[in-house]
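**Q** So the sequence lines, in the order shown, correspond to chains A and B.
Just so we're aligned, residue 1 is where the first sequence starts under the numbering used here, counting upward by one.
Just so we're aligned, residue 1001 is where the second sequence starts under the numbering used here, counting upward by one.
Everything labelled a hint here was simulated from the structure, so no lab data went into it.
Heads up, some of the hints might be wrong.
The list that follows gives simulated cross-link-like pairs (lysine-lysine, DSS-like), each with its CA atoms no further than 30 Å apart [stated by the list, open to error]: (1) B/1097 with B/1052; (2) A/376 with B/1126; (3) A/376 with B/1134; (4) A/350 with B/1094; (5) A/376 with B/1140; (6) B/1140 with A/3; (7) A/3 with B/1134; (8) B/1126 with A/9; (9) A/359 with B/1213; (10) B/1140 with A/350; (11) B/1165 with A/359; (12) B/1134 with A/359; (13) A/350 with B/1097; (14) B/1033 with A/340.
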Amino acid sequence: MSKVTLIAKSIFRYKSLLVGTIIIVFFFFMSVYAVVLMPYSEAVKRWNSLDYWEDNPKLASPSWINLLLNRKLPETLILDSKYLGTKVRQEIPFDGGVYIRVEIHFNYEYDDFPSEIILRLYMHNVTRTAITTLTWVKPDGTELIVDESSMVGGYRYYSISADRQFQARYTKYITEKLKGRPTYDISPEIALFAKEVSGLLNPETKEVLKGRYRVILIVKSPESSADVDVKLNIYGKVFGLAGTDHKRRDLWLAIVWGTPIALAFGVIASVVTVFLEMIIAALGAWYSGFVDYLTQRINDIMLVLPFLPILVMVSYFYRLTIWTLLGIVVVLSIFGSGVKVYRAMFLQIKEMPYIEAAKVYGASSFRIVFRYMIPKVFPTAIPAIVLSVPTYVFLEASLAILGVGDPTAITWGRVLEEAFSGGAVYRGYFHWILEPATCLVLMTLGFALIGFTLDKIFNPKLREL
Amino acid sequence: MEVSNTFSEKVGKDSTAELLMVKELRVWYPIRKFFSVVGHVKAVDGVSFTAKRGEVIAIVGESGCGKTTLAKAIMKLVPVTGGSILFEGIDITKASKHVIRTWYSRNVGLIQQDPYGAMPSFMNVKTILEEPLKIHHIEKNERERKIYEMLTEVGLTPPEDYVGKYPHMLSGGQLQRVAIARALVLNPKLVLADEPVSMLDASLRVEILTLFKELQEKYGLAVIYITHDFATAKYFSDRVIVMYAGQFVEVGNAKEVIKKPLHPYTEALINVIPDPDPKNRFVIRKTLSGEPPNLIKPPPGCRLAPRCPYVMEKCKIKEPPNIAVNELRLVKCWLYES
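Sequences and hints are given; from them, build the entire structure.
**A** In structure tokens:
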């Protein structure tokens, strides 16, 4: 009880500790949320799958960006004829076969053009070639024939955005209609959603035509049993809480599941490292002689060995998972300056009268090391543990950027690495970089605030005057 | 507390035997240069004495005379170079680590000089007192009872108020009481008190010593009381051993030694006791000049010879033997050669 109140008091007394605690508690609940949301294996499976994300826009900003802008960026519209629209079948007399007319309506009230338009056609019960015609009707009544083609087989993936033929036809059409050449390439998604006025000729003045759109697909199949389904994906420019990356993946998943991984990696690495450092130093100091000589010489060697090249080398020879990476990081960092610092402390502690007293009443060496010597340095070790957590979180991120580590793991570092190689900064996809980076910085800040304050509390010599 | 202690029962049945016999004990600290030993600091150089059950022996001497090293040797804290220490007839310098840890450590207690350093700062009073009991596998209920009993004995009452306290919450006097409780918690037969009150306030010294004396009498403890202060030695002990430069120079009954010191060094030590009598304010006291000898290379004859006011030619050449003045009195000085 008194301990709890003491902790609570110091939290409120030191504002930095309060802020740090709030940040870390936030990340802790984020981790709990991640685990509740889905198990890690499921998250990894989803993250590394392509199909799972096919209905998401590429490189979309987070949705809340709309709250900050005075323009409304489009959301993604998934229009599936299975669930909406009308379908009319008409048997073709004499020749046999069937006409199928699928019509889909949707409202488009956004201030920007969609990022991409993809049409998927699913034909059922066909063996022979069918002829499809896709007509786009704008709210003002303008009809555009987007595509006329024959289709063999049951499935067709048609990226309207990538249709150069349509683009060329439209450019010609608009040149005639507006009596002027456009000064830029009008991409299909602009063509299909633009107001066909003279402003369209200039990229700065083009405007979205808001209102009710109709998409009409007519399929003529020689087989009367034929049936068709259409899925039209009009990808927007915003998505979800965190936006998406170049593989259409929802970055929210990476942010959420990156939290427990970063926390676990940092906390396990720092706790295990500091404790092993203490144990090695304490054993060396206590037994002195050969044990001390051996551990100190190993330590000296490890001190001069370069950390990063060894890690890179190991990662080239073995396929690392994030946990084997953790193991290697711990093994490489237990011998280091920490052992020297703790050994110096233990050499002092070893000669303290209370150790002598313990020897007199029969404490074994093991007991003296673990029960009498190591607890004595806890006050200095606890802030050190807390302060080294972010070091390891950052290390993981920097290793990911160097391409060392687990390629399947969901970590903030990997997201950053992909954003970096995807050119997120100069292409303007700031959310892709800022989200993982902010998480990293916040976590570092949280641990640093707590660590420095704990240092002040445990080691009063540093306390401000 | 009746602790079954079969080993000590076996060896210690003979209660008439001396509890502790130290024979020709030598503790030399080697001086290493590079990889070879170039000499020794002869901190304790050939001392012998015996302690009976329930006897209080004070070892008096100035700083650096080897009294703490002697205590440490008896406590097995420093390696012994030569001689033997017999405790209940067992030579503990040759005994196995197991015997020392399980049997000897149970029969000796240590009270240190610095009560603050003597307590692990991260343990509370209960844990501090429980540790020796735990190490000697005493069961939980018994441990609890013993801790409360000891705290009451040393005057930390009510014990409930103290068990949860950490050393920094207690005063020096209270800590020294805890230290006494810790030394006595295993019911030892011998307690070494290494300047137990020298770091306490003058007002507390008598209080702590009175308490210790009471407990000593109650439990019939043999005590080796190490001090540089004749005043407390006189108050506290049956016998006094005066130590100089690693050797005993005078042994005798406490009161007699103080009343009539024989050895020039003892005389000098007693002369420097502050005297509150105003009649003596103009008396110039005889004090020794010079410094104690270098223990790496002590003088060939009597170790006090370079400083002694009564020095003779003989003293500088030949080491004096222990001369028995009467049955209880030994002096290491050529002056008493009859």
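**Q** What's the verdict on residue 350 of chain A and residue 1097 of chain B, does the C-alpha distance respect the 30 Å limit or exceed it?
**A** Answer holds: residue 350 of chain A to residue 1097 of chain B is near 19 Å, not above 30 Å.
**Q** Keeping to a limit of 30 Å between CA atoms, is the pair of residue 1134 of chain B and residue 359 of chain A held or broken?
**A** It holds: about 14 Å lies between the C-alpha atoms, which stays within 30 Å.
**Q** Sort out whether residue 1126 of chain B lies within 30 Å of residue 376 of chain A, counting only the CA atoms.
**A** Between residue 376 of chain A and residue 1126 of chain B the Cα gap is close to 18 Å, so the pair holds against 30 Å.
**Q** Please work out if residue 359 of chain A and residue 1213 of chain B have their alpha carbons no farther apart than 30 Å.
**A** Measuring from Cα to Cα gives roughly 25 Å; hence the hint holds.
**Q** Mind checking the alpha carbons of residue 1140 of chain B and residue 3 of chain A for me, to see if they're no more than 30 Å apart?
**A** holds (25 Å)
**Q** With the threshold set at 30 Å, check whether the alpha-carbon distance from residue 350 of chain A to residue 1094 of chain B stays at or below it.
**A** Roughly 25 Å separates the two Cα atoms, so the pair holds.
**Q** Verify the proposed pairing of residue 1097 of chain B with residue 1052 of chain B, using a straight-line Cα cut of 30 Å.
**A** It holds: about 25 Å lies between the C-alpha atoms, which stays within 30 Å.
**Q** Hey, residue 1126 of chain B versus residue 9 of chain A, does the alpha-carbon distance stay inside 30 Å?
**A** holds (26 Å)
**Q** Quickly compare the C-alpha distance for residue 376 of chain A and residue 1134 of chain B to 30 Å and report which way the hint goes.
**A** Holds, at about 20 Å.
**Q** Run the distance test for residue 3 of chain A versus residue 1134 of chain B: straight-line Cα separation, threshold 30 Å.
**A** holds (26 Å)
**Q** Is residue 1140 of chain B within 30 Å of residue 350 of chain A, Cα to Cα?
**A** Roughly 29 Å between the alpha carbons, so the hint for residue 1140 of chain B and residue 350 of chain A holds.
**Q** Checking one constraint from the list: CA of residue 376 of chain A to CA of residue 1140 of chain B, max 30 Å. Satisfied?
**A** Holds: residue 376 of chain A and residue 1140 of chain B sit about 25 Å apart, inside 30 Å.
Hint check: no violations occur; every hint is consistent with the structure.
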